[in-house]
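Participant: Residue numbers (the numbering used here), protein chains in the order written: chain A, 1 to 177; chain B, 178 to 348.
Derived from the structure by calculation, the hints contain no laboratory data.
Remember, predicted model here, so these are calculated numbers, not experimental data.
Errors might be hidden in some of the hints.
Partial list, derived from the structure: chain B residues whose beta carbon lies under 7 Å from chain A [as the list claims (entries may be wrong)]: (1) D182; (2) S208; (3) R209.
C-beta atoms are modelled at their ideal positions from N, C-alpha and C, and glycine is treated no differently.
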Amino acid sequence: MSMPDSEHWPGDRSAEQPGWRTWVEEHAPRFLMFARQKSRAEADAQDLVQEALIEACRRQPDGEPPPVTLVYATIHRRAIDWARRDRRRASREQTAAPPPDACWFDAALEDRELAQWAQQALEKLPDAQREVLSLKLWGGLTFSEIGAALGISANTAASRYRYGLEELRKLTRGVLI
Amino acid sequence: MNEPDLESLERDLRRLRPAASDEFVNRLVSSRPRRAVEPVATPKPGLFDRVRLSLDRAGFWLRWCAAPAVLVCLIGMLWFRPEPPPTLVDASGTNRAHQLTEVPAGAGEVEIEHDLVDSYEMVADLPSGVPVRFRLDKWHDTVVYRDPQTGLAVERRSPRFEVVPMSLASY
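Same shape as in the complex, but just chain A (with noise of 0.2 Å):
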């Protein structure tokens, strides 16, 4: 799937500032990374972060960088419609495995087997878990932020987080530790 070029302007020089870019360098790959929890599809999950950044974006009035909050929780709802939108596409990433070439992290020498088992790991927990333990630790949110941008409580959003821990500690067991 590809964005329209509609959705780009053309001789806009705004998009190619300075500041834009740091930002989106800094932020994409924790979209990006969230975006994967929601849509099994290396592809899909680009396009997510692309049409829920575009949109976020343009309900900033000032033209400044959304609120990484915003972007996230505009990420949460559109996986949500599109899972709505197109039952043939829920079905397919339930069913597909993702591409081996799909690497979550970028990873130093030392921690290339750490991210192999940290992503194999995290696939295996349940949705509700992941997104809450992507935002945690790769987003930078806290809890409040997290149940702002998913719908839930922070409590909640807390709870998700230890439990999704602790299944990660118990499927990586005598691989990290």
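Chain A is fixed; fit chain B onto it per the hints.
Facilitator: Only chain B this time, still in chain A's reference frame:
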């Protein structure tokens, strides 16, 4: 549940950095939407609205122009005061004005007429907000002098403006 185990696992997982290809980052950078400024369609004013707007504007300027107009009229009245009668010069070039003043004119030799040509009334607000009302009378004064000895007649017409303050009670 062993808390140190969880903390250690959390610390190890935080060490990992999510990956995103340069191609994807460039795609996001170039997909930033521009703020679209859509022209707001303003309804075209109808004839009634245009007339009302014109009257409002005219009324605004008339209110502010009334007081200066009164001042201009007063200055004009002082500036165009009736001048003294012209001196009469005969063919020999001698000035006969002196002779004329020496000869007293009879009552029947000078005719004076005052004709009221026009009259305006105006109401204005001073810059201090106090309303004022004036009546402006425009007169034509005609003075005719006849010399019974020579049969010479001299006629002079001069306009005259009269500004009369009026009460607002009857307005």
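Participant: May I ask which of the numbered hints given earlier this structure violates, with the numbers listed in increasing order?
Facilitator: Structure breaks no hint.
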